[in-house]
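Just so you know, the protein sequences line up as chains W and F, in that order. Going by my numbering, the residue at position 129 of the first sequence is 1419; the numbering climbs one at a time, nothing skipped. Going by my numbering, the residue at position 511 of the second sequence is 510; the numbering climbs one at a time, nothing skipped.
Hints in this document: simulated from the structure, not taken from any laboratory. All C-beta atoms, glycine included, are put in the ideal place defined by N, C-alpha and C. Do not take every clue at face value.
[What the hints assert, rightly or not] Derived DEER-like restraints, expressed as beta-carbon distance ranges: (1) F:Val20 x W:Gly1321: 52 to 58 Å; (2) W:Val1535 x F:Gly327: 50 to 56 Å; (3) F:Leu389 x W:Arg1303: 51 to 57 Å; (4) W:His1296 x F:Arg17: 35 to 41 Å; (5) F:His376 x W:Val1371: 53 to 59 Å; (6) F:Val96 x W:His1331: 28 to 34 Å; (7) F:Arg330 x W:Thr1478: 50 to 56 Å; (8) W:Trp1479 x F:Arg95: 31 to 37 Å; (9) F:Val20 x W:His1296: 39 to 45 Å; (10) F:Leu367 x W:His1296: 44 to 50 Å; (11) W:Gly1393 x F:Cys341: 29 to 35 Å.
[What the hints assert, rightly or not] Take a look, some chain W residues computed to stay more than 10 Å from chain F by CB distance: (12) Ala1306; (13) Ala1317; (14) Gly1362; (15) Ala1372; (16) Gly1393; (17) Leu1401; (18) Pro1424; (19) Ala1455; (20) Ala1472; (21) Gly1527; (22) Arg1532.
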Amino acid sequence: MKAALHAEWTKQRSVASTWWALTATLATTLGGAAAMAALVHADTSDDVARLASSGAMVSQALVTILGAATMGDEYRSGLIVATLTAIPRRGVLLAAKAIVLSGAVFATGLLASTTSILATALISPEASGPRLGPAAHATLATAAYLALIALLALGTAAASRSTAAATALTLALLYLPPLLAATVTNRTWQIRIQRFAPMSAGLAPPIGGEAGRHQLASWSGLGIVAAWALAALAFGGLALWRRDVA
Amino acid sequence: MRFPRQLRAEWTKFRSVRGWVLAVLGATLITAALGPLDLSRQPPPNGGPGPAVVRGPDGRAVNDSFYFVRRDLTGDGTVTARITGLSGIAVTGPDRVSHEVQGWAKAGIIVKENLTPGSRYAAIMLTGAHGVRFQDNYIHDTAADTISAMAPSPSTPSSPSSSPWLRLTRTADTITGDESADGVHWQHVGSVRIPGLDPRVPAGLFVTSPSTVHVAAIDVPETNPAAAVGTFGPIALTGAWSPEPWTGAQFGGLGTSGSYPPDDEGGSTGTADTALTLTGAGDIAPVVGGTVLGVGVTVDGFVGGTFAGLVALVAVAALVVTAEYRRGLIRITLAACPRPGCVLAAKTTIVAGLGFTSGVLGATVAILAGRHIADAHHVYVVPVSTPTELRVAIGTGLLSAAMAVLALAVGTVLRSGASAITLVVVGTVLPYLLAVSPGLPTSAAQWLLRVTPAAGFAIRQSLPRFAQVDSTYIPPDGYFPLAPWTGLAVLCGYCVVALVAAAFLVRRRDA
């Protein structure tokens, strides 16, 4: 396992696109949050914390590419043959990829959301600076959310063996349900979609329309995102285990 | 002869990849099914069927409700009356009553084709804040250009300039409206010909007022009941009138945009010889979307599945070119057809054709099925004219085609399927999502729908906005800042820029 982790870490860090994707994740999280803070009036310090996570609505797309490429690009270049020769236990391989990927994304996410909170607090001077509790909550929740989305994309890519297909599927899963919820006329289904779709479950709305939505992303909502990620990983792992290499 | 051959080659490449064919079929299916499926889950409305659909002379949904004091005009004739006052009653909250008159509250003289709601009419009226107007057949609105047309301030409804004399003249099938500041010098405001007008038509005085439309600070619009009270001076009639006396009644229910405050109801007091005071609510105008629509679905609601279909289409269109780079097939393609521009043109034609076919097919099925299911479930569907319906169906096709071309061009530039798909999806779907979800200020939402490729979704809006109806007209209610075709043009602009870049790079670059 240790060797597998080492190998995966070497692969990730030696590819320029990894660093591009992580830098872009950082930039879009920060930029999205700053733009939102400039547009939306924040009243309370909790608003500041919530606005800070709105950049993740954009950066989750970059994290999706990174997650999908981690698995999909091995199939594209044929590297998967060499990888599985070196690490024949496929469960170990997927676990090593998941750990390295989520670690890198989580660290980037932490950095991005911390700077976002500082930026939104600077941009919205009316609200007293972020309180430590909500700020820490928002920072951790956003970083965890991004890491889980990367894992979701990784699992999808393991199942589909294609970076592009996995990206499209994951993006559809992220962006379509909120749109559906906006157009669906049936209230029960609207609430169901919002509760169980990964984006609305794991990311706090930038600003609540109704009183009930004036809240930070809940840990149970992140649990739902984790369930999506685990399901994708399990499905991808099963496909990887059952299938011939390429 | 190179292009047709290349077209055939590209088509063969597309149809021989099972995943792509399935994805395009899936996109069509999901476009067709998602909207109607949502309707079929709709619980039956508890108050029975929704408001009765009133269609105007051109087939569009209209409101035709007002308090009407009428007699029958049996030939040519005129009605002349002075409006001496127009005030309002609105309930703006619990125990809060406002006496402000609504901007488009109306009091005046009307001649109707018959007593069926939605029938043709012509009317001259004083409005709450928009002066004297001549309106006919729901969508036409002409302002008087004299001194009394200058918007009187709602707080002083009895100032001299807002107490005009109004006159409606019927000559055969032509109806003319005039106004006067002193009852002596008359000024023409407008006239209309209503072909085939029966000699015997109901004519008289009317007062109506739409509900309040209020956009609060956090963009949560609310609407409250409102009524208008109009006072008319002595009413003078000339011409052929039937001997029956004046009768007053609320005409045509209340429609989608009117309701009386709890303690008020329509009525009239006084006599036509001295002075007459009418209280009325409702509106005589086209139905618009937004808060004032209330329950009901629109045609663009039926094609709500387009977004899901578009993601699949975008993925296939991007892969049509990026898969060639991935597999190295592009070298063979360019060896067979050494003109890269020709290859790009053939691929563009294929994906545009696929997108258009899939979009039109999906939208047509969605609209037909949606209509059927809505009827079966007694869901109120706002009727729109056939050209609008056609525009929504064909527009969905053009939208899909444009998105597919954009994905292809971006894919050619980036040569990576995942990046191209992400860029196109995030560039189009995310701005739309942000614009329609609550929270973003309306001005920001409207700019997103003006400058991003998401402007193209404007082609689906089915209810036009009317200056003579106040509503919220914001993106979540299906109103885009750009007109349908202008919005699509913005998206096409992005396509052209991306295609030019792709054509340039595909020539310059090594395969």
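Outcome of the hint check:
no., hint, in the structure
1, F:Val20 x W:Gly1321: 52 to 58 Å, "violated, 39 Å"
2, W:Val1535 x F:Gly327: 50 to 56 Å, "violated, 20 Å"
3, F:Leu389 x W:Arg1303: 51 to 57 Å, "holds, 56 Å"
4, W:His1296 x F:Arg17: 35 to 41 Å, "holds, 39 Å"
5, F:His376 x W:Val1371: 53 to 59 Å, "holds, 56 Å"
6, F:Val96 x W:His1331: 28 to 34 Å, "holds, 31 Å"
7, F:Arg330 x W:Thr1478: 50 to 56 Å, "holds, 54 Å"
8, W:Trp1479 x F:Arg95: 31 to 37 Å, "holds, 36 Å"
9, F:Val20 x W:His1296: 39 to 45 Å, "holds, 43 Å"
10, F:Leu367 x W:His1296: 44 to 50 Å, "violated, 60 Å"
11, W:Gly1393 x F:Cys341: 29 to 35 Å, "violated, 48 Å"
12, Ala1306, "holds, 13 Å"
13, Ala1317, "holds, 14 Å"
14, Gly1362, "violated, 7 Å"
15, Ala1372, "holds, 18 Å"
16, Gly1393, "holds, 21 Å"
17, Leu1401, "holds, 21 Å"
18, Pro1424, "holds, 18 Å"
19, Ala1455, "violated, 7 Å"
20, Ala1472, "violated, 5 Å"
21, Gly1527, "holds, 21 Å"
22, Arg1532, "holds, 19 Å"
Of the numbered hints listed earlier, those contradicted by the structure are 1, 2, 10, 11, 14, 19, 20.
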